[in-house]
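Protein chains in written order, with numbering that gives the first Met the number 0: chain A, 0 to 451; chain B, 0 to 1037.
Don't take every hint at face value.
What the hints assert, rightly or not - Computed beta-carbon distance windows for the label pairs:
1) B:Pro1015 - A:Ala47: 37 to 43 Å
2) B:Lys592 - A:Met0: 30 to 36 Å
3) B:Leu621 - A:Val408: 37 to 43 Å
4) B:Gly307 - A:Val328: 29 to 35 Å
5) A:Val328 - B:Leu621: 20 to 26 Å
6) B:Pro120 - A:Asp405: 50 to 56 Å
Source of the hints: derived by calculation from the structure; they are not laboratory data.
Idealized CB from N, CA, C, for every residue including glycine.
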Amino acid sequence: MGVTVVAAPASLLAVLGLLSLLGRLKSEQTVSRIVQCGVVVGLMASLALLGLMLVTGRRHIEFGFGHWVSIPHYDFWIKFEFDRLNVPFVLLTFILCGTISAFGTRYMHRESGYVRFFVLFALFQLGMIVTSLACTIETLFAGWEMVGLSSALLVAFFQERPAPVRNGLRVWIVYRVSDAALLIASVVVHHLTGSGDFDNFLGRAAWPEGHGSLTGSAALLVGLLLVLAAAGKSALIPFSGWLPRAMEGPTPSSAVFYGSLSVHLGAFLLLRVSPILDVSPPLCVVIVVLGLATALFASLVGRVQTDIKSALSFASLTQVGLIVAEIGVGFRYIALIHIIGHACLRTLQFVRAPTLLRDYNTIENAIGDQLPIGSVLFPRRFSDRVAAWFYRLALERGYFDAILADWVVRPFIRVFECCDMLERRWTDFLTGGPSRDLELPQSPTRTLDDLL
Amino acid sequence: MTAHHSPHGEGSNLLERLKHVIEHAGHLLPAQGPITVFIHHNTLHAFEDMTFDEGVQAGARIFGCLPYLTEDRYRQELARGRIRIDDLTEVLHRDLGDRSDGLIGPLGTRYHLRLTMLQYPMRLGPTEELRWFVAETDALTRVRGDALPEMRERLLQETRHWVMRDLRSGQRSQGESTLSDGRAIAAQGERAVIADLLERFDESSIETWSDATWETFTLQALWSVCRAGVVQVTSLRETNGKVENLPHGRRHRDLLFEVTGEDSDSKVNDLLIRFCAAFLDQGMARWPLPNREAGFFKAFCSLYRASGGSPDWRRLGLPAELARLEDNGVGPLDSIAESLRMLGVEEAEWEEFISATLLSLRGWAGMIRQMELRADRVRVPAPPGSVTEFLAVRLILKRIVLAEIAQRTLGEAVPLDRLRDALRSRLEERDTLDPDQRAFLIFQLAQVRGWSPSSLLRMSKQVWSLLVTEVDAFSEIERRRVFHQAYERKFRQQTLDALALHVKGPAERVRSPKFQAVFCLDEREESMRRHLEEIAPLTETFGAAGFFNVPIYYRGAGEAHFVPLCPIVIRPQHWLVEDVAFTHGESAQRRAKTRKAIGAASHRMHVGSRSAAVGAFLTAGLGALASIPLVARVLFPRLTSLIRGTASRLVRPPESTRLRLERLTPDPGPDDDHIGLSLVEMTNNAERLLRDIGLTSGFARLVMIVGHGSNSLNNPHRSAYECGACGGNAGAPNARAAAQILNDLRVRDGLFNRGVEIPRDTIFVGGYHNTCNDSVTFSDLDRLPFSHQAEFTEFQQHIDEACDRNAHERCRRFMSAPLNMSFPAARRHVEERAEDLAQARPECGHATNAICIVGRRARTRGLYLDRRAFLVSYDPKADDNDCTILTRLMSAVVPVCGGINLEYYFSYVDSVGWGCGTKLPHNITSLLGVMDGAASDLRTGLPWQMVEIHEPVRLLIVMETTPEKFSAIMDKYDGIGKACRRGWVQVVTWDPDSAEMQILCGDHFEPYRLEAKELPKAATSTDWYRGWRDHLEFAEIE
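Here chain B stands alone, though its shape is the one from the complex (with noise of 0.2 Å):
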């Protein structure tokens, strides 16, 4: 993305050249749309053409956050054993490759030397903090604890071999010839750089120092050296660098904020914000802003540009600047190139100054972009070229401020587009490290690798350069980078590791099933299907995208809308709608009138509450009783959402509804008379989830569709928890429509045709988990015939039973919940978090996601995943040659599963740059997104409370193929292969006949090694997870 955009032909002009870097840099800001539909997508989507680690370095520099977690807490992980020395030197002989064993002097490898700045935490700081440090600690008088007491030892000896021998020997030897001139008078150099100590600690009783004495000798003697070798080096450094200038493109604000510390945002964000708010508001203030379907840029103009307004605006000129724009017809466009020019931002700097500019206020600025690139997703949409606009106004708002903090601050008049170089001139000039913090780090490797001062004395200038450049080469990003990949290796490792042990023999699906159940991929669906299998052996179940490939525009009995129910990806080209039964009818429509009714009186209240005269009435008059539902809900929030559910029952829709499946016009749409799915494409959805989830033969007499969904209360991230293969909604309708097409017998002709045989007595019944308070509802149980139902209820009664134990499950991450709970208590602890206001986490979401297996269950069923893998059905003995069915898959799997994955990455990592912080003062603004408090950045990415149990690794998407086909599938289909190549997913394939592992790195595949020995066993998943509150190691259920 950084690529520099080329000077176009002859005819375009500057401002066609402007609109295009606008264009360009809008591409940086978050790309998530209103909170009400959330689709979980890569965070740093716009940098997927690098590799991961570029990537997220490129966008921690350009946002300002963090790429990986921070080395301390790496360290915390290889402490606690979540990071093994054995994955450090795995990964660091990686990626050194033939450099690990370049010797850096006599002081060891470059691996060694690796190996030894990520194993133990350097202090390093600004000279100050040293200082403080040396100071306040006995750095200077003890070797660290965590040296080695053999490098210790070592340390101190050769010290005091050295002074006593060496030094002082020719000392006395100075005017006798027994030693050589050469050594002689090295000797005499040496003892040059300790002159002075050896002076301090009075030379003549070196025979009587302590041990401690020589200790702090030893110490000191150290420290001196690393000093002088690092001065020598960087002296001639420093002639050829100072290359680093500031970096160019940086915006006034931050300059003026490092001379002055006056922010000159926050005047102009307090101004936008609220205006912003008003621009994009879907319905939530009563009276709308004025003059808004003229634009941003117009509606901002008339309305500041009056006489009157706020004083202090006033005072910086804003209105006579606005009417003067206004009244020459300044457009946007023009104005900034105006302002920039102004600001005395060249052509060359644009891009970065413009990007910076957009992300100063990120969430605004890509809510805006949201809103004119998705006009048809939303209520009120955005015209074309908002986000210009936008920028328009907050440059001038900017130049403006500016303007008066440089006059007031510098006390001096600066022409604005000499402010920056004013500014700099003002700055100190900052050297990355400067000799001493270099020294002092040099200083603590010498203590835990045991170099000792004679030897470091004795490097040539070559080698203290070579040490040096080493050593910075070696930062503290690319230390995290190190840190993260053997972060990340010992998962893979373990994972790899349980899935070959697992498997023993060929795949053999259950045989003569008794009942089928195909839920969502979702990895929050393993818990269940294991469940369910634990409970009924002859249960066998299938993951599938959870839409079942009836990608539909629904509206419900009693709702108001048409929602997309499909992955964001694909466009909807049916509609459906539920009907309350005929015989119904008259109820009702009863009922319809009284919800209505409820309904307005309901929003009158709610808008009336908030006015004065009705607001007085209401409050005055009924106000107290409002104290019932509060101590009520807050109090006894399960008990209170039964007596409601029972009272909103009597005017709910009547519960038998049937969908409107079948459309006899030709077309689709969403009025009455084309509503629906014709026979042959219900065939074909029918066709295409049974191929992809290998389901053709051997069915049971009953098959469950079951999706998913979540409800919760409180939650302005409700839409995050939901099925996102249904847009980040709930997922039953799709289910009960997928059930009842492959139900139609004339659509099972036409599958007979086709190939798939669905015997007569086949039933299929669609059904619905909320996996926040686990129940599981099924849909047209009145269809069913008489000879399923017995069937049915034994089925129904092992779901039960696996909720339960879902519930169960789920609850030992919840640290509000005892460990020691039943299976009901633990299902009645899951209601209650549903239904409670003071939930801040009403479930765990896809916190614990981090693999995903696409292949046949049979090779992982009975092994316990943790809720850890989305679980994807392939049969690769039924895909074709070219691999039709997994590149179908795929081109799924990974923007799905790998974004949602990257997003929990991304917000974990660092919360509150890329996440949306702590729910807790979160304010929902414009119906559209969620501030801080009372007024800030809209906030983007998913809130601690939502991801505060994931561990940040890349997914690990293992597939039953062969490098072979998917190199192919990666040649052929480049959204899949840059995902994958470049690292924003880590691959592995798996053989669907000899089981072997080949690992994808880069451009080419690896083969994977067992490490572990055995696969611990456990009885039941519940004997396994037990007693315990962190992620577990995989084992086998018997």
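Isolated chain A (complex conformation) (with noise of 0.2 Å):
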């Protein structure tokens, strides 16, 4: 039964994949009832296993796919587990993305996109349901990096205008760093425990109750590569210049990957490796500070905008920064309810954004008067100027695009613009002349006559 509960979205994945690059999928009936079964025995399977759990009362199920590679030192596994951690999260996945799937063959018919919308729809769930059932590090990574993938290919869904790529490729950047930062991290695991198995390094006992085998300052540099991986994947301080760019999407997606699923899948991290946080006092400390300020960041940010779509997901923001927090001090049952909660209300909030002036509308006629303008000011112990530079601040997202740029990019550029002009004198120095001249493009003949 956990089988199905992963492949069902995996052979989803398969035929929809397969079909369309066969160029076999013409009707949109077809990819809908495709999408409908997988997600419906997807969820069945797993609504199946949570009834046996509760019956038998086992709280921790393993299954895995072997050892692929078993050398000493070096072990690698798929495998996955069913706890009482990511059943609800498996469970909220499949509800949201069956909800959203039914919405989106409607809202997507006769969109030209239709089908690839529905294969990266598949990869999506497919990736959060591999990274949420992940029972080693290296699974978990495939898991992370599909749905980083899927999610950056929809919010540049629109490819035909600039800014949905452009926006999207911002969205894949901010993945990379965060992605390298988890591989990073199960390297390391790997170095000190031999194994990227959760049951070595977070212990054999059912979530919550694992205690981690790391120790001291090693748990610290594990803890804190997560912890960037999870910054990165859930839009937090200073990575959260990508949310609201990532709503160039349509709808349905902006709603599943960034109002609910995606961006708790950091939080889900940081609560899968909780046996860590629970070694490592400094690490909880930055986990909490990092959520706060989020929150902080957010709901001052959030205060501002001006379009529905940006303030939904400035909102969503508020909250995760808040679950972070909840988990970083160690309230990880709170933190289960508050993301399933949160998601399931933001999902609602982001498919029903387009009605927004409607909604206002009847509101106003409830009331029998014009809602208020500026209901929450900013603090009026501050002077005015006070007040218009944190409204600037909010306003520009606190700058992070061009801190970032100007901190991290920037230098990252010119490191690589020095290697490049040091090979380019040393090819030159080989060649004893400017040695680059070739790869110039040909000025292209302007006749056909040659052609005769």
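Join the two chains, each given in its own frame, into one complex according to the hints.
Structure below.
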């Protein structure tokens, strides 16, 4: 049964992906039936599993696809588990993905990218399931990558306009940074414990009672890398800039990806590795500070947003910040409940976003007056100049994009330009003259005559 | 609009002139106001002084959009028969007039050349593309596949003869004197052109060449000849050509983009979009822009001059620049003058440059202008002069960013005022068409027209020059213009044929009608009226503008604000409110309180869910409950809405309400004592309504007045689906008020004195048709006398049946609705669409509009018009000699129906350019409009989902009158005259007696000729449309 939970989304992706590659997917109805089928089977299997776990009282079920590589000091498994943390998360994924796919089949009707949307959707769903069920850090990384890839491509869904593609690329870059952190973390874990199995470094006991085998500075190092990974995925400070930019895609994808599921993935990762948090108080402090700062920042920025999707995305971020802080403090179950509640509510709000004008009108009619403008003002005890300063900070979204460009991107590019220059000098020296002229494009001939 | 501003009197200074230029350029900006009140209008309203074709082409140049459909698209329409060859020939002859027979040397007439260029797609592109095409296809080895066989044969035969007889025999006869010297020399010259070719094909074996070799040889010879011919004339033209300099007022950004590929606008827009949205915000953000009341410029300066801002703008020097401006007291206008000076823009090009600058963020700039002009209509208006201030800020940002990019990418410090010269010098000289491209075009033409190399070779330089000129003159835009005319002609002819064949005798009204029903003139009511007439043949229907001549500000029970319910051109003088019946007063108050509490709570939740603390409580505590409405609404929209409807009935105002209609105080106004209309005003309105639609006698016992509106979810453009004659709102209150007025016995007495007698036993009932879910409801049924109840029940059954059938007819246009549905299933389908959050096409709106018929229903009754015609009831027999009624009707029909039609035309022809593209990424911003995704220009026009099935043709107005009478109206009323004579609508007069039709062409009328033989017939509408998705031909319903 556990296998079905993973197999259903995997075969959904395989079927949709293969058929669309072969060009066999023509009718919208076929696509929507296949998607429904995949989601329903997955949902039923996970419900059954939940029932089974409740009835038998087992709190931890594992199943794997064997050792793929097993040499001394290195061990690579594909392995999944079910426990109290990820069963609710998997159910949430299936329910929201199912609802949104039903929404999408009508919303995307007659859109030229219909099939593409659902292929990416299937990839995303598989990524979510693999990430949440993963029992080794490599498996988790695989799912994490699928989510990242599908998200970036869905942001750039309207590929004929430049803005979505540009913003999709930006999302992708931030995701790469966080992926790199996760990858380094897994290498470090392998190095320290000899395998990426969660059982090894998070303890054998079922979540949340595991005891990490890492201690002290090792735990802090691994933990910080994981926090960096989580921060990128969950748009925590200073990576928040990508979240509003991700609103380029069609409404259903922004709803499910950034409003509800994908943005919580960072928090989920922290919950998963919570045994490490238990052994490293400085790490907890970092997480709490990061979470609270993000919540504070997002709630400030959210106040000045003038479009509904940005307003909702910063509202999401506020809650994600709080959830991260809760994890840092140690409220594991509260954080889990908070994630689930928040995901449902926000999805509903995102899906209803285009109806905003009507909702405002309804509320005004009920109240019998115009809605107040500026219902939540900046604390009055500050002077106007300070208020204006903060307003600009909020309007410009904390200048994080510009700061990252200045402090991270620019030095990065500079280093590579430096390398390029050295290489050019070296090749020039070797050829004894300008060595790269051949790379310049030739200006094409301008007549047809020579083709006669 | 391109008229240059003339220098003012002596006293005017530079800034005055600048102000004038800005004001003038502002007219180009989109005139769409807040999206909650969507008023359809001609997208190119600013160009109405030109003819339609000049206007769309000028507009397309200035806005960078498409004027017509693409050539490929028209050719597809030609292939599927939507355009016939007959239409093309007719249009071409008319277009060329007596020039059509002009000969181009031996190659045939101008008309034939043009027809060929229309019929056959010619590949044309940059030389690199042509090279690719030639290399990858058999373009130089095989004759085009679409060339007619006889043309192909002629081409091959003639070439063969030419080579074998003339060239080769010419060579053989070289020393001999059998041929005259002249011919020999000519043959020698001809031979020179293809000498290479002969050599390459191995001339010695010429007798054994296969057919394929001959074909290849022919084509290559043809190409050589074409190229040689074109080169000899273009080298001539080159010397006197080259006048085509780069346009004068081009923006620095465009040049810079062309040279370096860097878009300076993207950085400027990034900041400016956010600021514009904050400046215009109508209450979306909880924290409004500080210092907003000081105006755009001041608010911007004070916000962005402070230190500690974004590092990139700080590096560019924005805070320092703003501080300098503010501290030196430089105002917006001074700043614009300064920026223009710094950018090196001369006064001569101000107009063009400023237009282009404003248009580069046209949605936002246009909205600022609307908020300035229509300050009375919005909650947070923009102070006067905001467009100027916007321009000032834009130019400051622009020059700062330009300076940086130029420095970085050009590698040298170029002063800004000379930047454009520096950029132009780097741009390659570009000729419009180089010889290869022209030659390739003629090469393709030669194949389909069967011009042989020999005949082309023998043409004189003058003929070649003429040929090249002719080919150039019939440019792509010209071809599309002709195609479009043919596209419209086919439809016009089809429509007029149907009308002409349908009219068989004098128009007679229904004798002793049992019911009469007045609908809105909207084309969506055409099918409703048709079905009603089919179901109940004793029903007579009328079409009037959907505000039924009761222009009011209206506030319903349980509504917060007065809403203007009338066409945008009218400013209402009266206020109406709906009160809950006195007996229900107590429960109404209780419910109002409950509603207020629920409203306040939901507002608090709405805001709270986005805050930190309340949000945490809501999401963690109650969030999971949100999954219930989420799943229910998405999976079971119709059921959920039924449940919600039942629940909300508990708190809605009680059903029995009444209009506060009559005013006893002298002056109208919005406060309690001045609500309503006086008796005289009511009588005036009622008389005008009845006379407009020609219902002044022969009243039935029951007369329905049915307004309409549309209700759908998740649809920011909802207002665009509602009644245009009610200013983008639902017209139920107008219908209700009109019925009540007409039921008033004192009003009837007044009408009697003015010659309209309404029988005592005639009762008017107001109703409301929801065009999205096809329901019809009636108001004030409590007042219906017992004597009429049985008849009313019968009518209700009829209208219910008509709603089912109407829904069914609409469903054929929805691709997601199966074609084999029953009537009730169709009704359920449209009900579900209206309540579905995921539905991007709740209804098709005006997408099928194309015709407007102003005349008696008797003439069109029983004709299947496929929901494509606005039907305006007008009785020419009842009009006076000055056509007062027709004038009144036309002054509404031309701007309103014509505006709807043109807005659909443009939004369809270039959905991304004129319209607002696909709806899927739309994002409501500032409660004013929509952006694409996270941040973009404010998108105006209609979304693709709304216009998808539209056929872009200009509105065809057919009215029952004579050319003389209508000419008089056009002369007298400039607005009507301009739109009709300059072709923004097509006009046809239809003689009230003889039914003869005349088509308005520019300034004169031309008689229409019947082309079709007979009209298809069907027993019912359903029989005719069932099983079809596309637009249908018109048919007679028996």
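Taking the hints in turn, this is what the structure says about them:
For the pair B:Pro1015 and A:Ala47, the supplied restraint of 37 to 43 Å is violated, since their beta-carbon distance comes to about 60 Å. Between B:Lys592 and A:Met0 the Cβ separation comes to about 53 Å, which falls outside the hinted range of 30 to 36 Å. In this structure, B:Leu621 and A:Val408 meet the distance hint of 37 to 43 Å, their C-beta atoms being roughly 42 Å apart. Checked against the hint of 29 to 35 Å, the C-beta distance between B:Gly307 and A:Val328 comes to roughly 32 Å, which is consistent with it.
The hinted window of 20 to 26 Å between A:Val328 and B:Leu621 holds, with their beta carbons roughly 22 Å apart. At roughly 52 Å, the beta-carbon separation of B:Pro120 and A:Asp405 lies within the given 50 to 56 Å, and the hint holds.
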